[in-house]
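J.: Given next are the chains, with one letter for each unit.
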Amino acid sequence: MSIDLSTADVERVAALAHLELTDEEKQLFTRQLADILHYAEQIQALDTAGVPATAHVNPTEHERDDTLLPSLAVEEAIASAPDAAPDAGLFRVPRVIGG
Amino acid sequence: MTTALDVSAIEVRDEIAAGRISAVEVCRAALDRASTINGELHAFNLVASEHALSRAAEIDRQRAAGQPLGPLAGVPVALKDNLCVRNMRTTASSRILETYVPPYTATAVERLEAAGAVIIGKTNCDEFAMGSSNENSAFGPVRNPWLRDRTPGGSSGGSAVAVAGQCAPIALGSDTGGSIRQPASFCGVVGLKPTYGRVSRYGLLAFASSLDQIGPFTRTVADAALTLGIIAGADSRDATSAETAVPDYAASLTGDIRGLRIGVPRAFVSEGVDPLVKSAFDAALATLQTLGATLVDIELPHARYAIPVYYLVCTAEASSNLARYDGVRYGYRAASAREHGLREMYSRTRDEGFGAEVKRRIVLGTYVLSAGYYDAFYLKALQVRTLMRRDYDSAFERVDVVAMPTSPIPPFKLGEKTDDPLQMYLADIFTVSANLVGLPGISIPCGFADDLPIGFQLLGRPFDEQTVLRAADAFERVTRWHSMKPPLNAV
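From first to last, the protein sequence lines stand for chains A and B. All residue numbers for the first sequence refer to my numbering, where the first residue is 1 and numbers rise by one. All residue numbers for the second sequence refer to my numbering, where the first residue is 1001 and numbers rise by one.
Same shape as in the complex, but just chain A:
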């Protein structure tokens, strides 16, 4: 697979990641990410047929009992929020629909 990264690709991926980039950032990242991906393409020459993936080096399953433990009080959980509604114990966000 040969990399031909366009500014539109960067725009599309940035949108998936909820990142609004400036035009300057889009230009810069397109060039820099193309360089990085081109360099990374060297791994595609390796024969990995039948080789399992290592997503995690320590795959031991740790299961614990599903017991209720103390958790953060609501007022602590919302204390660092940029826009909290302390009386209701909620995080406030801009409107979700109708925008």
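Keep in mind that a hint or two might mislead.
Partial pick of chain A residues on the chain B-facing surface, computed with a CB cut under 10 Å [claimed, not checked]: (1) 5; (2) 8; (3) 9; (4) 25; (5) 36; (6) 39; (7) 48; (8) 54; (9) 55; (10) 62; (11) 66; (12) 78; (13) 93; (14) 95.
Worth flagging that the hints you see were computed from the coordinates, not collected in a lab. Every residue, glycine too, gets a C-beta built ideally from N, C-alpha and C.
Given chain A, work out where chain B should sit, using these hints.
T.: Coordinates of chain B only, in the frame set by chain A:
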């Protein structure tokens, strides 16, 4: 008062326990030192004077009351600013967390405090631990104490400088691709990355969860062994923390490495290594040989692919981990967002809150996970990761540790690599493998390139920190590099 900090953590602890100096006196000296060097070196994001002095006073009260003292009673410790401490601002050197005050404390920090450590502050780092030079901090770079126009390394540069600059004999950092070992090498101190799973990651702001590991910076190997013994061990709050028993690391420091087999990947370390780094590394190997170790040539055929594999894996994981910073529950929210919709608020907050390198990595990681590229990049990288792991498995059938330089180059100039991310990434060639494979690694000082420190690293089998520490300690006993101090007399 500098003399109170011109010693190891073990010596500070013993002086306090013997009543020759109080914990409060040590603490004041550490805070003064931190504030003094901060103007020039910018190692700290926060000097927590009030918190530290009240903890130190508590240690003094415990001693006066004849209560048993912990193994770090009164010892000043600095923390990388991506480790959460309840009610202490924790920013990851990011605008997006500039005002964040965590309601909980990281397990590693809890364990240090339970051992009597006095947390003196939070150290500057690359934003979300993404970087190799500390220049990605939203609050400005850290400077190398040995030469001010050089980087201290990254991402845990502030922690390395806090120890090199004698603010504290111990600092914690995090190492995702070399972020403890490389700054340790650049600042002339000891840096230990434990085996993946050895130390709980609970309370560490996540960058790449299959690679991140917390570890200590110290000036001696014995202090690193002491610290590891305190922070290591299973934790029900981190399902990836290992149940493997924590041995007595201090007991493994026998000074005897006769018969130890040290693997040297000759082909891998012959390319692109600065001649001064190469000669310091060769001299270190010769020293280990005179102590009775045997050098064994090994092959790590897939080590040359470590950089692409690492940057595909870590950015993929980062793109997922950093999705939580959305301007809703904590941290920064773009000011103009109220009248716009939720989606605009997310994307503006993230554009304004994250720095360039973090955004670059989120975009790259999202790209390699996206439809059409997942198999060719992300999955392929995970398969090569398996091949790298097999390389080490077969090497460790023949050797006990593997030695290589920590960084291929001495500390470089601030600004030298900021325009070219790929060049910056390539400097991580010797450190990233340990994270991909999950091995323990230590960087210890082994020489100088002109006036700049050079370190080399020893990697061990998973959960065999003991052998790594024993070899590093034996080396330290017969060399003086670790006792060299940066020229800070003027400050």
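J.: Against this structure, judge whether each hint is valid.
T.: Hint-by-hint comparison with the structure:
About 8 Å separates the beta-carbon of residue 5 (chain A) from the nearest beta-carbon of chain B, less than 10 Å, and the hint is met. This hint is violated: residue 8 (chain A) has a C-beta 13 Å from the nearest C-beta of chain B, more than the 10 Å allowed. Nearest Cβ of chain B to the Cβ of residue 9 (chain A): about 7 Å, under the 10 Å cut. The hint holds. Because the beta carbon of residue 25 (chain A) sits about 7 Å from the nearest beta carbon in chain B, less than 10 Å, this interface hint is met.
Taking 10 Å as the C-beta cut-off, the interface hint given for residue 36 (chain A) holds, the closest approach to chain B being about 5 Å. Interface restraint check for residue 39 (chain A): the shortest CB-CB distance to chain B comes to about 6 Å, inside 10 Å, so the restraint holds. Because the closest C-beta pair between residue 48 (chain A) and chain B is about 4 Å apart, less than 10 Å, the hint holds. This hint holds: residue 54 (chain A) has a C-beta 4 Å from the nearest C-beta of chain B, less than the 10 Å allowed.
At its closest, the beta carbon of residue 55 (chain A) sits 6 Å from a beta carbon of chain B; the interface hint therefore holds under the 10 Å criterion. At a threshold of 10 Å, the smallest CB-CB gap from residue 62 (chain A) to chain B is about 4 Å, leaving the interface hint in force. The interface hint given for residue 66 (chain A) is violated, since its Cβ lies 12 Å from the closest Cβ of chain B, which is over the 10 Å cut-off. A distance limit of 10 Å between C-beta atoms decides the matter here; for residue 78 (chain A) the minimum to chain B is near 8 Å, and the interface restraint holds.
Given hint, residue 93 (chain A) at the interface with chain B, holds; its Cβ is 5 Å from that chain's nearest Cβ, closer than 10 Å. For residue 95 (chain A), the interface hint holds, since its Cβ comes within 10 Å of a Cβ in chain B; the closest pair sits about 6 Å apart.
Figure legend: structure checked against the earlier numbered hints; hints not met, in rising order: 2, 11.
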